[in-house]
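> Residue-level listing of the chains:
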Amino acid sequence: MEVNQVKTVGTTQFIVVKFDREQYGVNIQYIQNIVRMMRITRVPNAPTYIKGVINLRGEIIPVMSVRYKFELDEDVYTNATRIIIVKVDNHAMGLLVDEVLEVIQLSEDQIEKIVRDSQDEKAKFVYAVGKLGNELVTLLNIEALIGVDE
Amino acid sequence: MDVSQYLEIFIEEAKEHLQNLNVTLLEMEKDANNKDYINEIFRVAHTIKGMAATMGFKRMTVLTHDMENVLSEIRTGAISVSAELLDVLFQCLDALESYIELIINTGNEGAEENQPIIDRLNAILAGKGDAPDKSKSKTAATVIVEASKEPEVTDQSEKKHLTMPFNDYEKNAMIKAKEEGFTTYGVTIYISDSCVLKSARAFIIFRTLEKLGQIIKAYPSVQDIEDEKFESDFSVFVISTETAQKFHKDLTSIAEVEAVLVDPIETQGEVQDFSNKDDAKPKLDENERDKKTQAKHTKPTANRTVRVDIERLDNLMNLVSELIIVKNGLETIESNNQNMNEQIEYLERITTNLHDAVMKVRMVPIERVFNRFPRLIRDLSRKLNKNMELHMSGEETELDRTVIDEIGDPLVHLIRNAGDHGLEPPAERVAAGKPEQGNVYLDAYQDGNNVVIEVAEDGRGINIEKVKTKALNNGAITRDQADAMSDSDIIDLLFRPSFSTTDKISDVSGRGVGLDVVKTKIEQLGGDIEVKTALGKGSTFIIRLPLTLAIIQALMVKIGEEKYAIPLNTIQNIEDVKLGDIKYIQNQEFINLRGHVVPIVRLDVLLDVVTEEEVRESVTVVIVNKGDKQAGFVVDGLIGQQEIVIKTLGKYLNNTRLIAGSTILGDGEVALILDVNSLV
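Chains A and B, in that order, give the protein sequences.
Using my numbering, you'd call the opening residue of the first sequence number 4 and step up by one each time.
Using my numbering, you'd call the opening residue of the second sequence number 19 and step up by one each time.
Chain A extracted, bound-state conformation (with noise of 0.2 Å):
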C-alpha cells in the first residue's frame, strides 16, 4: 500500500486514524507506508514509548507507542492494528494506530490552528483541528510526535 505525496492546489490530504473513540489525522506528506501488525522486538533501555523494532524488508525502523504519547490504556493488537511508518528527515518511524480509517482531503478554511495549552504536554503533538462536516479530526504534529524526548 504504497502512498505518494499527492498534494492539490489549496487542500491537504490527511490519513485519519482512530484511537478509541478519538479520531487523528496523520498528514499524507510524512507517510511512507502503512502496513499490517507484525512481529516488534524488544529494545531493552529504550524510551518507554518505543514498542521495539521491525524489520521491513531489510529495514530496521523503530515502532511507537502513540497512545503512550497520549497517555491513553495500552495497545491492545486486533485484526485492525496497523504500524504507519512515517519519515522526518530521512529518519522513518512506525507509529501504532488502532485503525486506519480513510483519507480526507481539507482545505485550508477547513483546517483550524490551535492555541497551544502550554500545561498540556500533549497540546504539543496536536497542531489543530480539521473540520469534515460535523466530524472532528485532530490533525497531529508528527515532528513534535516522534522527536526524541527531550
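If you're looking for bench data, these hints aren't it; they were derived computationally from the structure.
Since this is a predicted model, take the numbers as computed values, not measurements.
Virtual Cβ for every residue (Gly too), placed ideally from N, Cα, C.
Hints may contain errors.
Covered stretches of chain A (chain B as the covering partner; in silico rule of three or more C-beta atoms under 8 Å from a C-beta of chain B) [what the hints assert, rightly or not]:
#1 46-53
#2 62-72
#3 94-105
Derived DEER-like restraints, expressed as beta-carbon distance ranges [said to hold, decoys possible]:
#4 B:Lys596 x A:Glu25: 50 to 58 Å
#5 B:Glu632 x A:Leu135: 49 to 57 Å
#6 A:Ala126 x B:Ser116: 45 to 53 Å
#7 A:Thr51 x B:Leu372: 40 to 48 Å
Example chain B residues on the side facing chain A (calculated, C-beta under 8 Å, incomplete) [unchecked claim]:
#8 Ile482
#9 Glu483
#10 Leu671
#11 Thr674
#12 Ile677
#13 Ile682
#14 Gly686
Model the placement of chain B on the given structure of chain A, informed by the hints.
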C-alpha cells in the same frame, strides 16, 4: 569544457600526490643530495600543476609553477638543497593542502595567493643568479602541452604508450630511425565518449599521422581499430622528423578527439647509451629517464587497479548482505531433502567467499593514515623543542575503508599526546639517564579478527598518584572510591570527559578535550582502547578495531524468549557453571575460572527480560573479553554460530545502552546485538 564532473577525481588524485610529496620531502630532509627525491618532488609539482591548470585553479597553478622553477634549478645543480629550501617546500605543501581543503569544502580554491611563499621561492631562485631563464622557458613550454590535457589523463599512467612492450622488429626499426636522425613518438589518443563512429575518427587520425611520419605500431592493432574494437583510446608509434608539439597540434584539431599525449620514445639500446653519459643533451636525457622510471613505477599498478566510488562498493556490500540474509532464511527451512541441503551448503560457501571478496575490495592499507605522521612528529619536535623520532611498523596492515577514514583523528591525538605529555624535555631525559632523543612508536598488526594499533613512547609514563590527586581535586571521585580503585581503574579516569593532567595548557594538547573523544570515536567504530604504562619508562595506548564493520560472525543466544547476538571475536569460551560455584563478593557474583576471578553478568536482569523462574543446577555462561578484562554472561540457551549483517537501529535508538545494533535473522525476525564494551 565542463570540468566539474572531474572534480572528485582531481581531489582524490591531488591528495595522493600531496601525500607522496609529504613523504618524499621527509626523506629528502634526511638525505638532501639524493637526486631521486628531487626528481620525484619535481614530478609531483609538475603533475599537480597540470591538473590544477586543467581544472582552472589558477593560484595552485602559479604556486606549483614557481615550485617547479626552483626544483628544476636544483636538478641542474644550479641551486643546492638547503634547510631553508626544505622549509619553503614544506610551506608549499601546506599551502597546497589548504587549497585542496578549500576545494573539497567549497568547490573553489579561494583567494589566498600565498605571496610570501612565492616570494621566498623567487628569492631562492634569484639568489643563485639569473642564468636559469632558458631552462625556465623550457619547462614552461612542456607545461603548455601537458596542461591542456584532460584531467583524467593528466596522470602519467594514462600515457599508455609509455608502458607498451616492443618486439625486436619494432625495436630495430626505432634504433635505425634514430641513427638516421628520426625520432620515434609514442602517441595515445583519447576519443570522446560521445563519438558515434569511432572507426571513422580513427581513420582520419591515421591519415593525419601518416602525413606526419611513418606508423610502425598501433595498439590495439590497426585491424581492431578499424573494426572499432577499442574503448575510447588507442596508442600508435610513429617515426617522424616533426616535433611533439606539431603532433599535438595537428591531432587535437581533429573533431571529437578528447586528448592527445605525445612523448618521444627511446629504445632499450639507447637507454644504455645514456647511462654511459653522453653529454650532448644532458637535460633532455634526464627528462627521458624520468619518464622511463615513472613508467616503471606506474606499470604494475596502472594496468591493474580501478578507482571505484565508495558508494558503489557500499551498494555491492548491501547486496551481499541481503544475499546472506536470504541464505540464512533458506537454512531455517526444515528439509530432509539431501540435494537441497547440499545446494544450501554450496550457496553458503559462495556467499562467504563473495563476502570476503567484497570486504577485501574495501580494505585499504593503514599506510594511508600513517603517512602523515612523520610530518606531524617533525613539526611537533620543532614546536616543543624536543628531539624525537617516530618508528612505524605494520603500515601494510589493512582495514576497512570506513575505519581508515575515521581513525586518523584519534591517532593524531594520541601521537600529539605522546610527544607533548609522554616524552620529557631533553634535559629531564638526560637527568633520568635516558638518551636525549625520545622515541614514539606506531605499530599496526592483525590479531585474529581484530586489527591492533599501538601508540607508544619511551617517556615518563603516567603518574598514577598524580591522576588520583587530580581526580580527587576536581571531584571526579571520592576518597573512598579512590582507595578502592586499582591502578587500571585510575588510568581509565583519563578517558573521562574533561580530564587532563598536564599542569599547563599548551598549543599542542592539554585542553582537557581529548582522550574521551578518542575513546568515543574508537567505540563508535566498534573497537576499544586501553593503556599500559610504567612510570619512567613510557606508556602504550592499544587500540583494537574490528576488521570489518558490516558483517560479523556472532554467537546467537537466548535470554528468556528473546534472541541476542554476541560478536564472536569477543567470546573466549563457553562454560557450564554449577550454581554452587558462583560466589558472592560484595554482592557481586563471581566465578573462579581456572584461577581467574570472573564477574558474572546476569543479562536477563540488565536487559529487563521476563524469564520464568526455574530451578536449575547449572547455568550456561559465555565468557567474553574486553582487552584484559573478562566477564561471564549468563544466558538461557545457545542457538549457534551465525554470520550476521549488522544494521544500525537508526537515529532514534542509536544511543541505546548495552545494544550495539541489530540484525535480521533468517526468518525475518530482528535480533539485537549486545554491546560487549559497555557490558564488561
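> Hint by hint, say whether it matches the structure.
These are the hints, each one checked on the structure:
By the rule of at least three residues with a Cβ nearer than 8 Å to a Cβ of chain B, the coverage given for the region 46-53 of chain A holds, with 5 such residues. Given a C-beta distance limit of less than 8 Å, the hint that chain B covers the region 62-72 of chain A holds, as 4 residues qualify and 3 suffice. Counting residues of the region 94-105 of chain A whose CB falls under 8 Å from any CB of chain B gives 3; the rule of at least 3 is met. Look at Lys596 (chain B) against Glu25 (chain A): about 57 Å separates their beta carbons, and that is inside 50 to 58 Å.
Between Glu632 (chain B) and Leu135 (chain A) the beta carbon distance is about 56 Å. The supplied range of 49 to 57 Å therefore holds. Range check, Ala126 (chain A) to Ser116 (chain B): about 51 Å between beta-carbon atoms, so the 45 to 53 Å window is met. Checking the proposed 40 to 48 Å range against Thr51 (chain A) and Leu372 (chain B) shows it holds: the Cβ atoms sit about 42 Å from each other. Of the supplied interface hints, the one on Ile482 (chain B) is violated, with its beta-carbon coming no nearer than about 33 Å to a beta-carbon of chain A, more than 8 Å.
For Glu483 (chain B), the suggested interface contact is broken, since its CB lies about 37 Å from the closest CB of chain A, more than 8 Å. With 8 Å as the threshold, the beta carbon of Leu671 (chain B) comes within range of chain A, its nearest partner Cβ sitting at about 5 Å, so the hint holds. With 8 Å as the threshold, the beta carbon of Thr674 (chain B) comes within range of chain A, its nearest partner Cβ sitting at about 5 Å, so the hint holds. Interface restraint check for Ile677 (chain B): the shortest CB-CB distance to chain A comes to about 6 Å, inside 8 Å, so the restraint holds.
Annotation: Ile682 (chain B) was flagged as interfacial toward chain A, and the flag holds, the nearest CB pair being 5 Å apart, inside 8 Å. Annotation: interface hint on Gly686 (chain B) holds; nearest CB of chain A at approximately 6 Å, less than 8 Å.
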